[in-house]
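Heads up: the sequence lines are chains L, U and R, in that order.
No gaps in the numbering here: position 20 of the first sequence is 20 in the numbering used here, and each next residue is one more.
If you want the numbering used here, it's the position in the second sequence, counting the first as 1, plus 329.
If you want the numbering used here, it's the position in the third sequence, counting the first as 1, plus 576.
Worth double-checking, as some hints may not be accurate.
What the hints assert, rightly or not - Reference listing, derived: stretches of chain R covered by chain L, where coverage requires no fewer than 3 residues with Cβ under 8 angstroms from a Cβ of chain L:
1. 584 to 592
2. 666 to 677
3. 683 to 689
4. 756 to 763
5. 781 to 787
Unchecked claim - Simulated DEER-style distance windows between Cβ atoms:
6. A727/R to F100/L: 40 to 46 angstroms
7. L267/L to L346/U: 53 to 59 angstroms
8. S453/U to T741/R: 42 to 48 angstroms
9. L654/R to Q415/U: 36 to 42 angstroms
10. L305/L to N368/U: 45 to 51 angstroms
11. G505/U to Q609/R: 52 to 58 angstroms
12. Y279/L to T509/U: 40 to 46 angstroms
Bear in mind the hints are in silico, worked out from the structure with no lab data behind them.
Just so you know, even glycine gets a beta-carbon here, dropped at the ideal spot from N, CA and C.
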Amino acid sequence: MRSGLAWAAVAVAVLALALAPLGLGRYDVYILTLWLVTAVAALGVNLIVGYAGQETLAQAAFLGIGAYTSALLAKAGVPFGLAFFAAGGISFAIGLAIGFPALRVQKHYLAFVTLAFSVFVWLVIRNEEWLTGGVMGLKDIERPSLFGASLRPHRLFFWFVLAIAAALTFAMWWLVRSPWGRAFTALRENPVRAESLGVNVRRYTLLAFAIGSAYGGFAGALYAPLVEFIDPAPFALGPSLLFLLMVVVGGSGSFAGPFVGAAVAVLLPEWLRFAESYYLLIYAALVILMMAFCPTGLVGLAGRLWSLRRRPARMAEDEGARALGEAKP
Amino acid sequence: MSAVLEVRGIEKQFGGLRAVDGVSFDVRQGEIVGLIGPNGSGKSTLFNCILGQFEPTAGEVMLDGCRVTGLRPSQLNRLGVGRTFQLLQVFPRLTVRENLILAGQEHQGSMLGRLFGARDAGLSAEAERTIEFFRLAHLADARAGGLSYGQQKLLDVAMAFMAGPRLVLLDEPAGGVNLTMLADLRERLETVNRERGATFVVIEHNMEFVMALCSRILVLAEGRIIAEGKPHEVRRNPKVIEAYLGH
Amino acid sequence: MADFLQLLIAGLATGAIYALAAIGFTLLWQTSQTINFAQGEFVMLPAFFALVAMHWFGLPFWLSALIAIGCAVILLGLVFKLVIVDPLIRQGVLPLVISTIAVGLLLKDGAKEAYSAEAHRFPSIFPDRLVDVLGVKISLAQLGVLAVALAAIAALQWFLAATSTGRQMQATAQNPGVARILGVRVERMVMLTFVLNAALAAVASLLISPIYLVKFSNGETLGLAAFVAAIVGGFNQVRGAIAGGLLVGVIDNLAGAYSGLIGVSSSYRQAVPLALLVLVILFRPQGLLGRREERSV
Numbered sequence: 001m002r003s004g005l006a007w008a009a010v011a012v013a014v015l016a017l018a019l020a021p022l023g024l025g026r027y028d029v030y031i032l033t034l035w036l037v038t039a040v041a042a043l044g045v046n047l048i049v050g051y052a053g054q055e056t057l058a059q060a061a062f063l064g065i066g067a068y069t070s071a072l073l074a075k076a077g078v079p080f081g082l083a084f085f086a087a088g089g090i091s092f093a094i095g096l097a098i099g100f101p102a103l104r105v106q107k108h109y110l111a112f113v114t115l116a117f118s119v120f121v122w123l124v125i126r127n128e129e130w131l132t133g134g135v136m137g138l139k140d141i142e143r144p145s146l147f148g149a150s151l152r153p154h155r156l157f158f159w160f161v162l163a164i165a166a167a168l169t170f171a172m173w174w175l176v177r178s179p180w181g182r183a184f185t186a187l188r189e190n191p192v193r194a195e196s197l198g199v200n201v202r203r204y205t206l207l208a209f210a211i212g213s214a215y216g217g218f219a220g221a222l223y224a225p226l227v228e229f230i231d232p233a234p235f236a237l238g239p240s241l242l243f244l245l246m247v248v249v250g251g252s253g254s255f256a257g258p259f260v261g262a263a264v265a266v267l268l269p270e271w272l273r274f275a276e277s278y279y280l281l282i283y284a285a286l287v288i289l290m291m292a293f294c295p296t297g298l299v300g301l302a303g304r305l306w307s308l309r310r311r312p313a314r315m316a317e318d319e320g321a322r323a324l325g326e327a328k329p
Numbered sequence: 330m331s332a333v334l335e336v337r338g339i340e341k342q343f344g345g346l347r348a349v350d351g352v353s354f355d356v357r358q359g360e361i362v363g364l365i366g367p368n369g370s371g372k373s374t375l376f377n378c379i380l381g382q383f384e385p386t387a388g389e390v391m392l393d394g395c396r397v398t399g400l401r402p403s404q405l406n407r408l409g410v411g412r413t414f415q416l417l418q419v420f421p422r423l424t425v426r427e428n429l430i431l432a433g434q435e436h437q438g439s440m441l442g443r444l445f446g447a448r449d450a451g452l453s454a455e456a457e458r459t460i461e462f463f464r465l466a467h468l469a470d471a472r473a474g475g476l477s478y479g480q481q482k483l484l485d486v487a488m489a490f491m492a493g494p495r496l497v498l499l500d501e502p503a504g505g506v507n508l509t510m511l512a513d514l515r516e517r518l519e520t521v522n523r524e525r526g527a528t529f530v531v532i533e534h535n536m537e538f539v540m541a542l543c544s545r546i547l548v549l550a551e552g553r554i555i556a557e558g559k560p561h562e563v564r565r566n567p568k569v570i571e572a573y574l575g576h
Numbered sequence: 577m578a579d580f581l582q583l584l585i586a587g588l589a590t591g592a593i594y595a596l597a598a599i600g601f602t603l604l605w606q607t608s609q610t611i612n613f614a615q616g617e618f619v620m621l622p623a624f625f626a627l628v629a630m631h632w633f634g635l636p637f638w639l640s641a642l643i644a645i646g647c648a649v650i651l652l653g654l655v656f657k658l659v660i661v662d663p664l665i666r667q668g669v670l671p672l673v674i675s676t677i678a679v680g681l682l683l684k685d686g687a688k689e690a691y692s693a694e695a696h697r698f699p700s701i702f703p704d705r706l707v708d709v710l711g712v713k714i715s716l717a718q719l720g721v722l723a724v725a726l727a728a729i730a731a732l733q734w735f736l737a738a739t740s741t742g743r744q745m746q747a748t749a750q751n752p753g754v755a756r757i758l759g760v761r762v763e764r765m766v767m768l769t770f771v772l773n774a775a776l777a778a779v780a781s782l783l784i785s786p787i788y789l790v791k792f793s794n795g796e797t798l799g800l801a802a803f804v805a806a807i808v809g810g811f812n813q814v815r816g817a818i819a820g821g822l823l824v825g826v827i828d829n830l831a832g833a834y835s836g837l838i839g840v841s842s843s844y845r846q847a848v849p850l851a852l853l854v855l856v857i858l859f860r861p862q863g864l865l866g867r868r869e870e871r872s873v
């Protein structure tokens, strides 16, 4: 019954999204597409942070790796489908390669290694002009075509991205409900106990990081044809930090969190035009308040308000208040 | 009878402090061995050395005659060694059933098999049996975090038994458990021992519990074994009395 | 050879500043599990306090420098501890870590919005003259920076080792539980660590600013240098942070000058400390001077 309702809600949401561009102008459709792409990358961050309890400061770098991979392959005449999987695959492999040494040491080392990696990727993109065009970037990235029809029109491209984002979202949903997802939850809540029950904590954490990073790569493969021009700026350390913060604001460890967080990060600045330069300040302050009073993010806050409305206040269960808190050994 | 677990000269040093100082003992198939000693005598550290949580400074651990020193806790667990911790450790956000399925899932198939193969093949049935056995049926779908302390403790122990281990190391299973629950727990442990032939090593401060449950007792003081024997022998051993009351 | 010596002195000078930032970072990590991702911004900001005092209020440099240190101690020490760390540590380590990242953003954009996005020149305490030491021309400013930073480090080491408060602080860093049993007022020691960190960061800020100029975005580079120094040296050791800082400073300067010789383009100079970080994590994860830590149960 409850899951039937949930599926119906998802179906309505997807349908509403599919119909949304019909009533919107070109720019609004672009922003909506950007929101979807951002949400895909944020889904990956959520897997790493919300499910596996690690910190990644490199999601924008993986977005960049995906974007440049797909753009360069597209320019070389490789079909989009292939380029798309190459972007995800390369990100996955790099995720394994940098995650392996970092996770051997101790908690929080992944954060430092991804921080260093972010800076390194940015240097490569900026310096290797022969490949990436350096600060001049790559221009005129073609949008793919489907069944012989070009997806250049913004609405068609939106639907294309929506279909891929829906598939990736479904895959993530399937993953977190698999035995792997159970292991991810266990190792976040109490890694020592999980290890004593046969869960190879290091291997699962590494896989969560690599899969999460692959989502960054996939998002990048969609980002390049969306904006049609890429340069190093959106793939620097700053945007990587924002990815982490947006997932936390949305609600890390909750499945809808990345979508809400991406909406706050992409849609709000559009609406808050007047606050343009102060946007980051407001955002950072919001994150701190959120962490102090509602570590489950906006999704958790909504859930709390909802249960307050429906039940007496004392019954309001603080579901997942520990989502981010670690088990104290 | 052959030894399931052989501990040979385990030493563990933290900085200048020697927490475990050359401990050796055997545990035979089907035995329930109690490990007692005053606070700070090194019991939990010894467990952690045996279970791969700590790397011992010196010494060896053999499981069924094979050297297992230096294996990671997850590897030892997959070789059939279960454990509980001194402090309660269940996964509060998972339900009782999910906690148990998690405790069993890493023991069968491959990583990829777990992702793409049939979900929970056989595990649900085993979890159901464990739930019945530990009398948790009415709580099967409740979140572990919402259970009473005693119920969580029972779940904690049940998780250690989920994958049918040959050897289980229990660190203070009776700590903080009320009397009714305690009798229940003892009876469950005895039944597993009798029916499945599982072997236990139990750290415990509750003397009544440990004396009734165990067939043999080791007494640890200041990192060394100072006495060993049947419960009634240990109880009368002057060295043991001194270690507890002593100095 | 003379070139090399000049580079070495310059490297030690910046390295000693990195060490100041890395020591505070290490102390915070040990005493309160606060992994401060805003550490770079902590070093960036005090120079702005000094600029405000000089340019908005027309105060002399020496007074502005003292005011900068005072403001840092209050805002980046006391307020940071009471308003950010205390409420957040209750939610767990991860929320706190994420909040320090947000604090970093807040300080960075705050400095940009409140002062300016430009890079500003900053007066040096020492005259920018070259002196001749045994035929090698050495910058007096660099020698001065090195001397001040090393003096600060020596004073800190003396404080930690020779005073009762310092020893209590070390005990707190090593094991708060045991320290509490031994009668150490752990809360006070933790607070003191935050104050000390802020003061060290302020000194680092005043020393580094004449070299790097004052810019809101400096925190990124400075923070990375401090993290790399702490990890390379061994994050559980104060002397590790010192050694790591000096090493990163020297390597950074030598890499800038000799990048051609080792076959890297100078545009990759920033990547050299990162490579050092990766090598250490691969081959000596506890850091060059660090001890191995047991996984806690």
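Hints, verified against the model:
Check result for the region 584 to 592 of chain R against chain L: violated, 0 residues qualifying (beta carbon to beta carbon below 8 angstroms, three or more required). Residues of the region 666 to 677 of chain R lying with their CB closer than 8 angstroms to a CB of chain L number 10, which satisfies the three-residue condition for coverage. Taking a C-beta to C-beta cut-off of 8 angstroms, the region 683 to 689 of chain R contributes 3 residues in contact with chain L, enough for the three needed, and the coverage statement holds. Taking a C-beta to C-beta cut-off of 8 angstroms, the region 756 to 763 of chain R contributes 0 residues in contact with chain L, too few for the three needed, and the coverage statement is violated.
Coverage of a stretch by a chain is defined here by at least three residues with a beta carbon nearer than 8 angstroms to that chain's beta carbons; for the region 781 to 787 of chain R and chain L the count is 0, and the condition is violated. A hinted range of 40 to 46 angstroms for the beta carbons of A727/R and F100/L is consistent with their spacing of about 42 angstroms. Range check, L267/L to L346/U: about 57 angstroms between beta-carbon atoms, so the 53 to 59 angstroms window is met. Evaluation of the 42 to 48 angstroms hint for S453/U and T741/R yields a failure: the beta carbon distance comes to about 59 angstroms.
Here the CB-CB span from L654/R to Q415/U is close to 38 angstroms, well matched to the stated 36 to 42 angstroms. With their beta carbons about 47 angstroms apart, L305/L and N368/U fall inside the hinted range of 45 to 51 angstroms. At roughly 27 angstroms, the beta carbons of G505/U and Q609/R sit outside the given window of 52 to 58 angstroms. One distance hint, 40 to 46 angstroms for the beta-carbon pair Y279/L and T509/U, is violated here, with the actual separation near 60 angstroms.
Checked against the numbered hints above, the structure violates hints 1, 4, 5, 8, 11, 12; every other hint is satisfied.
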